[in-house]
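Number of protein chains: 2
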Amino acid sequence: MKALIIAAGEGKRIRDVSKNLPKPLTPLLGLSLIERVILSAKSAGINDFVIVLGYKGDKIREKLGDGSKYGVSIEYVENKEWKKGNGLSVLSAEDKINENFILLMSDHLFDPDVLRELRRRKLAGADGILVIDRGRRDHIDLEDATKVRIRDDMIVDIGKNLDEFDGIDCGIFLFSERIFDALKESLKRGDDTLSGGVRVLAENGRMRFMDIGNGFWIDIDTRESLKFAEKHLLKSLIKSTDGPISRYINRKVSIPISKFLVENTRVSPNAISIVSFLISLLSAFLFSFGQWLYIALAGLLAQFSSIIDGCDGEIARLKFRESEYGAWMDSVLDRYADCLVIFGMMYGHWMVHTDFMIWIWGFFAAVGGVLNSYTAIKFDQIVKRRKIKYRFGRDIRLFIIMLGSIVNQVFLTLIILAFLTNIENLRRVIISSKQKDY
Amino acid sequence: MKALIIAAGEGKRIRDVSKNLPKPLTPLLGLSLIERVILSAKSAGINDFVIVLGYKGDKIREKLGDGSKYGVSIEYVENKEWKKGNGLSVLSAEDKINENFILLMSDHLFDPDVLRELRRRKLAGADGILVIDRGRRDHIDLEDATKVRIRDDMIVDIGKNLDEFDGIDCGIFLFSERIFDALKESLKRGDDTLSGGVRVLAENGRMRFMDIGNGFWIDIDTRESLKFAEKHLLKSLIKSTDGPISRYINRKVSIPISKFLVENTRVSPNAISIVSFLISLLSAFLFSFGQWLYIALAGLLAQFSSIIDGCDGEIARLKFRESEYGAWMDSVLDRYADCLVIFGMMYGHWMVHTDFMIWIWGFFAAVGGVLNSYTAIKFDQIVKRRKIKYRFGRDIRLFIIMLGSIVNQVFLTLIILAFLTNIENLRRVIISSKQKDY
Numbered sequence: 001m002k003a004l005i006i007a008a009g010e011g012k013r014i015r016d017v018s019k020n021l022p023k024p025l026t027p028l029l030g031l032s033l034i035e036r037v038i039l040s041a042k043s044a045g046i047n048d049f050v051i052v053l054g055y056k057g058d059k060i061r062e063k064l065g066d067g068s069k070y071g072v073s074i075e076y077v078e079n080k081e082w083k084k085g086n087g088l089s090v091l092s093a094e095d096k097i098n099e100n101f102i103l104l105m106s107d108h109l110f111d112p113d114v115l116r117e118l119r120r121r122k123l124a125g126a127d128g129i130l131v132i133d134r135g136r137r138d139h140i141d142l143e144d145a146t147k148v149r150i151r152d153d154m155i156v157d158i159g160k161n162l163d164e165f166d167g168i169d170c171g172i173f174l175f176s177e178r179i180f181d182a183l184k185e186s187l188k189r190g191d192d193t194l195s196g197g198v199r200v201l202a203e204n205g206r207m208r209f210m211d212i213g214n215g216f217w218i219d220i221d222t223r224e225s226l227k228f229a230e231k232h233l234l235k236s237l238i239k240s241t242d243g244p245i246s247r248y249i250n251r252k253v254s255i256p257i258s259k260f261l262v263e264n265t266r267v268s269p270n271a272i273s274i275v276s277f278l279i280s281l282l283s284a285f286l287f288s289f290g291q292w293l294y295i296a297l298a299g300l301l302a303q304f305s306s307i308i309d310g311c312d313g314e315i316a317r318l319k320f321r322e323s324e325y326g327a328w329m330d331s332v333l334d335r336y337a338d339c340l341v342i343f344g345m346m347y348g349h350w351m352v353h354t355d356f357m358i359w360i361w362g363f364f365a366a367v368g369g370v371l372n373s374y375t376a377i378k379f380d381q382i383v384k385r386r387k388i389k390y391r392f393g394r395d396i397r398l399f400i401i402m403l404g405s406i407v408n409q410v411f412l413t414l415i416i417l418a419f420l421t422n423i424e425n426l427r428r429v430i431i432s433s434k435q436k437d438y
Numbered sequence: 001m002k003a004l005i006i007a008a009g010e011g012k013r014i015r016d017v018s019k020n021l022p023k024p025l026t027p028l029l030g031l032s033l034i035e036r037v038i039l040s041a042k043s044a045g046i047n048d049f050v051i052v053l054g055y056k057g058d059k060i061r062e063k064l065g066d067g068s069k070y071g072v073s074i075e076y077v078e079n080k081e082w083k084k085g086n087g088l089s090v091l092s093a094e095d096k097i098n099e100n101f102i103l104l105m106s107d108h109l110f111d112p113d114v115l116r117e118l119r120r121r122k123l124a125g126a127d128g129i130l131v132i133d134r135g136r137r138d139h140i141d142l143e144d145a146t147k148v149r150i151r152d153d154m155i156v157d158i159g160k161n162l163d164e165f166d167g168i169d170c171g172i173f174l175f176s177e178r179i180f181d182a183l184k185e186s187l188k189r190g191d192d193t194l195s196g197g198v199r200v201l202a203e204n205g206r207m208r209f210m211d212i213g214n215g216f217w218i219d220i221d222t223r224e225s226l227k228f229a230e231k232h233l234l235k236s237l238i239k240s241t242d243g244p245i246s247r248y249i250n251r252k253v254s255i256p257i258s259k260f261l262v263e264n265t266r267v268s269p270n271a272i273s274i275v276s277f278l279i280s281l282l283s284a285f286l287f288s289f290g291q292w293l294y295i296a297l298a299g300l301l302a303q304f305s306s307i308i309d310g311c312d313g314e315i316a317r318l319k320f321r322e323s324e325y326g327a328w329m330d331s332v333l334d335r336y337a338d339c340l341v342i343f344g345m346m347y348g349h350w351m352v353h354t355d356f357m358i359w360i361w362g363f364f365a366a367v368g369g370v371l372n373s374y375t376a377i378k379f380d381q382i383v384k385r386r387k388i389k390y391r392f393g394r395d396i397r398l399f400i401i402m403l404g405s406i407v408n409q410v411f412l413t414l415i416i417l418a419f420l421t422n423i424e425n426l427r428r429v430i431i432s433s434k435q436k437d438y
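Residue numbers (the numbering used here), protein chains in the order written: chain D, 1 to 438; chain V, 1 to 438.
Among the hints, a few may not be true.
No copy labels: a pair is met if it fits in one copy or bridges any two.
What the hints assert, rightly or not - Under the rule of at most 27 Å between Cα atoms (straight-line distance), these lysine-lysine pairs were calculated in the DSS-like manner:
| no. | residue 1 | residue 2 |
| --- | --- | --- |
| 1 | K434 | K69 |
| 2 | K434 | K42 |
| 3 | K231 | K122 |
| 4 | K56 | K84 |
Keep in mind the hints are simulated off the structure, nothing from the lab.
The shape of chain D in the complex, shown without the other chains (with noise of 0.2 Å):
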């Protein structure tokens, strides 16, 4: 199914960011909204795209090419009329289009999973699908926005001034070829927008809609709007599955650093996992001196290391550059750098206490610490199915080395993380053991 992008128009409104960018160009996060609009509808399954270009097309044709890029195919169309009604943009697509097909707003950010949805339905005798809003949110600009009125799972009238409402228009359509023509019908009445097209098909009892739910949209029409949108993307970050340090400590952090990261530089998800596994080296070696000071600087780093270990996940989420084996072999290396780095404590300890029963502690603190992560892969999905906030994690473990290592106390660390790991594996095995459905 091809998805087809209207990028004409001018965005006065939101000059001041883009400079003098065309709209669509606006930068938000390292990419540019149109990419944006790119590679969510690429994620939800779309490789195929027509873009209308109007307003400075020239820019935008050059920033993303034949799509090639990001593994996906574009094509474009020019409407030289951009300067009236959006509904001219979709028609000059027209010979591009031979079945049904998905419409997108080059400045509408949505959820994948919205269009995932919207993909599933069938037109089932209709010849439209209008992904609608029916809560009422703060951020939506309702002056500006386009209103429907619904009856059934019908759609029976759409305008910027309908006085009464029952949703907002998100956007984001499936459509059948007839669009073509109920387009036609509405410029012969002297209306020239995508709202008319719809109110044709509306009147005809050929418009349906799908309510977006809780999923998330927004209209990126001005700098307020572009600052709600960066929020909603940074706050989604954070993950289910963090644990509470990550959540409440190592997020604060590592999120500006990626947001800075992904704006300022080209620097892959990869490049990220491995120089959080060298600071993580870098703390084995500090402690490896068994001096306080040492000692101290390598817990540091460790929390460090395993701040910096969330900016890879992010910056890969908020790229669209995430991977299974990237997100494999950063686990992989995590758990080399925590069992060098409970390496690094029992070799400086010993080197200055010759205390044996360092190596006993340390061993069952790194092999308890590993297979937490060895027993998370499959209580995590049991963890979602009963909802438990709480999660025993790296986050925590590497926490209480920092702590440990503030106050010189490397062998109690050690003693207190071999037994708290252990004893949530063994945590984990009998919690799960009571699940029903294993």
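The hints should help you fit chain V onto chain D, whose structure is shown.
Same frame as chain D, now just chain V:
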């Protein structure tokens, strides 16, 4: 969807094995034939059964009950005329069936995948689909088998005495209720067999077939076919992810042990997991003495625990008791067992030689081994795609420990393990990075 199982016959030819039991209760590796049929169907997604009883039906009813102990529901019907053709057995269940249903024979074993595939098929205008075997397999008694002739995707003739034939009736059917009319029609012609009813459907162009391909099935009619089925079931316990030591050494011992256990005890797979863990614990304890005789014995025990570790999965599969939790708990126990064995080796060596280097090598041997299993979770998925046969895993690690212990080389063994396991982990990360689809 319901499954109707014909369990009315006497099974004279197998009487010497089943003693005075009705044939469906003939034992095979810890379960009776009809239990295997029910549990195979259950694992293919069928939960409601109607069983036709005849010869010694009370004993079957007594054994199976209402099915709740298998997690299914079983109803019974009685066919007083069980000495006559088996078409009458099917007819006797007419009142219990009011939609499409699966028909199975209580003495025909099959791979659940075959039934899974049959359930996906649509009757598409026909009134029956018969699973047929178009290969000529050594274990099929051609004289006694029911043969079929086919044209395109339809069955055109069926019977024991066809001169020319295209395939063998596997005794696995999907029927609409129309089979009952066809059986009555056949009865009028003087043929009271199921094949008679199928022939009526075939004559009217309403009987399709499904080719069983490489799927396993067997009609248990004689002592020889029972032995063949046993051999097949035991052979199928070897897993594609088994390492070389497991495949060529451990399974040769564990499978006969599992056979003994399912035939003579009711021991649960999880109990075996725990026994294997306890043997490892004993091995670790013996290692901790640090003297050669203890070490050699400990090494042999480690290898023995590796062998017993195969039995839990084997028993689970033989008795249809596989569970996600059981497999997971076993893997967590295995990781702890591995670490404790290595800890025993380190501790014993330290006590005798007080060389602190043992702690370092042991640490990395343990960590490398656990991370072998950690990386395997994802790597196995890749191996599957690439069909590599070689796999470095627990079987090899414990075998190396046994060899090293016999020759009293604990120190060297841990060095070797530290290198092999960690290099293998590095290899996996590198190989995976080159997989395009990752």
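Evaluation of the provided hints:
1. K434 - K69: between (49 Å within a copy, 19 Å between copies)
2. K434 - K42: Answer is between: at 23 Å across copies they meet the 27 Å cutoff, but 40 Å inside does not.
3. K231 - K122: neither (34 Å within a copy, 51 Å between copies)
4. K56 - K84: within (15 Å within a copy, 87 Å between copies)
Violated hints amount to a single one, hint 3; each of the other numbered hints is respected by the structure.
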